[in-house]
Amino acid sequence: MTDIKHQDHVDEVREALESAEKDGISVETTDEAISNAIEDHRQKRVDPEDAVRYVSRSLLREAGADNPRQYISGGSNPSPPSGVNPQLTASQLEEEGEWIEFIGTVIEAYDPSYSEMDQQGRLADETGTVRFVSWQNSGFETELVTGETYRFDPVVTTEFDGNVELKLTGTTQAERLEGDDALGIDPDTYTETIEGVLVDFQDQMGLIERCPNETCRRVLQDPTVCPDCGEVESETDIRTKAVVDDGEDSWTVFLNAEQTDSLAQLTFEQAEQLVEKYDYTGVVKEYIVSQLHGEYIRFHGRDRGRSFNVSDFELLNPPSVTDLENVKQELEQLP
Amino acid sequence: MSQSTPSRNPARRVFAWEYKDATYEETRGDGDRSPNMVLLPTGQWAHRVFLVGSLVDIVDDPDSENYIRGELQDPTGRFPIDAGQFEPEAIANMRQLDPPEFVAVTGKAVTFSGDSGPVPKVRVESITDIPEALYDSWVKDTAEKTATRLTNFSNDANDAAALAAERYGTDLEQYRDAAIEATEEVQEIIREEMAETEPDPDASPTAPGVGQD
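Each protein sequence line maps, in turn, to chains F and W. Counting from 834, one number per residue, gives the positions in the first sequence under this note's numbering. Counting from 164, one number per residue, gives the positions in the second sequence under this note's numbering.
Just so you know, these hints were derived from the structure itself, not from any lab. Heads up, the beta-carbon is just placed ideally off N, CA and C, and yes, glycines get one too. Incorrect hints may have been included.
[What the hints assert, rightly or not] Computed footprint of chain F on chain W; a stretch qualifies when at least three of its residues, placed anywhere within it, have a C-beta under 8 angstroms from a C-beta of chain F:
| id | region |
| --- | --- |
| 1 | 197–204 |
| 2 | 235–248 |
| 3 | 278–285 |
| 4 | 306–317 |
[Claimed, not checked] Partner residues aside, some chain F positions facing chain W, computed with beta carbon under 10 angstroms:
| id | residue |
| --- | --- |
| 5 | Gly995 |
| 6 | Val1032 |
| 7 | Asp1033 |
| 8 | Gln1037 |
[To be verified] Below, a list of computed lysine-lysine pairs in the DSBU-like style, where the Cα atoms sit at most 30 angstroms apart:
| id | chain 1 | residue 1 | chain 2 | residue 2 |
| --- | --- | --- | --- | --- |
| 9 | W | Lys183 | F | Lys838 |
| 10 | F | Lys838 | W | Lys271 |
| 11 | F | Lys1110 | F | Lys1074 |
| 12 | W | Lys183 | W | Lys271 |
| 13 | F | Lys877 | F | Lys838 |
| 14 | F | Lys1074 | F | Lys877 |
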């Protein structure tokens, strides 16, 4: 058997196509083509389970089926919700395809990334945050408002890019909780915390050139031209673009000149002296990396999935004998 | 920010005593960038590792411009590390280091063919000299992560652990004992340092930073 992506889902599309054959509808296609079509959907954040439906529908329609839906079995999700769904907190969300009850406050709503998308943003509870998404024509009608707390029941978990998120569908009931039932999370002041090591550093850090326009501030490759604003005279700035890694997850963080100085002890003047001494702009990044690689840091701010928006941070203290004793005892209690 | 690139693989924390046994390697996943992973004996896939220890050796063959290797020691053993033509910055940084030195290494977990089968090593992405205190932080961190892996080892849903048991016949006790010994060694070092800086024998045996968590 050739190794094909999404084999299970390709088989599901095949089932739909075969069930249409009894009505004389025949579709000529290859498993590879079906697999590619499913992958195209996945790239657009559509679950493979949903892609099965869309791909089957479009193939059957092309082959002349008037009502393709009758051949497509199953709903949009792996298994239907049962009567009672476990109520989980943000920190407990690990499995995809699970029907749950979730209570959270909308702390951010972003513009949809695709035209097929309806709403997206982040929900917070006392334990953390989770991304939510709803799609056009999914049947989910509630317009979620930033700052409001909702009870979602049932809602299904999905996975994208290694992160579990909530998918709001027509099955999902969203009830707005008010007064004492609301979580009391203020989107303007809400922060999360991550702890990890700076394990890697990325391009476009160190001494950089920015567009001088206050509303733009884009990092420029060519200091005389901003792709958005046209001809400009760039402003030199310092920033750090690093990867924080806690052994399970990683985030990209940006640190501005002031934050970089407080961690790496490098002022703007010192950076310029370095460049003068070595006659090489890249020395600033190298210096920051040499100071910060391997540091254990606690960051406060907003989790945005792949990146973390830093508002504040502190270096973690090295462990005390007591800290180590606690770990040792945890190990000793293991079978 | 691109939404479709796969998420970055985290850097696992593992002691040398365990890593030396991570000889099983596999290409995982069905993406375009299917990552290469080694299987840790305590049941976790590692594409990347983060290490802290003492750089005890650098071997820079003058005949091969694009290759350098070395050895990193932690409280439980040694990691072979190297860098090749795709890591020019790592090569340059390794050439500037002068063993013995405390270093932090971020690198890819890979194996090479040894005389008696595959041998795990770490392909260096970043290496820097670091203050000694980070060694202590890393040992605590790595002991905690080892404890978590050992705790999760017998979970039914832990496929990596099931495969580790099958491939290695994992004897978990030795990895637990190595982690315990590592924490004890660092405790001892901290006590000695405190004795040097604080000669008063009646002083409370606590280091700065206690109670801040």
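Checked hints:
1. 197–204: Since three or more residues must qualify, the claim that chain F covers the region 197–204 of chain W is violated, with 0 doing so at under 8 angstroms.
2. 235–248: violated (count 0)
3. 278–285: violated (count 0)
4. 306–317: holds (count 7)
5. Gly995: holds, 4 angstroms
6. Val1032: Result: holds, 4 angstroms to nearest chain W Cβ.
7. Asp1033: holds, 6 angstroms
8. Gln1037: violated, 13 angstroms
9. Lys183(W) x Lys838(F): This hinted pair is violated, its Cα atoms lying about 33 angstroms apart.
10. Lys838(F) x Lys271(W): holds, 26 angstroms
11. Lys1110(F) x Lys1074(F): Holds, at roughly 24 angstroms.
12. Lys183(W) x Lys271(W): holds, 14 angstroms
13. Lys877(F) x Lys838(F): holds, 16 angstroms
14. Lys1074(F) x Lys877(F): holds, 27 angstroms
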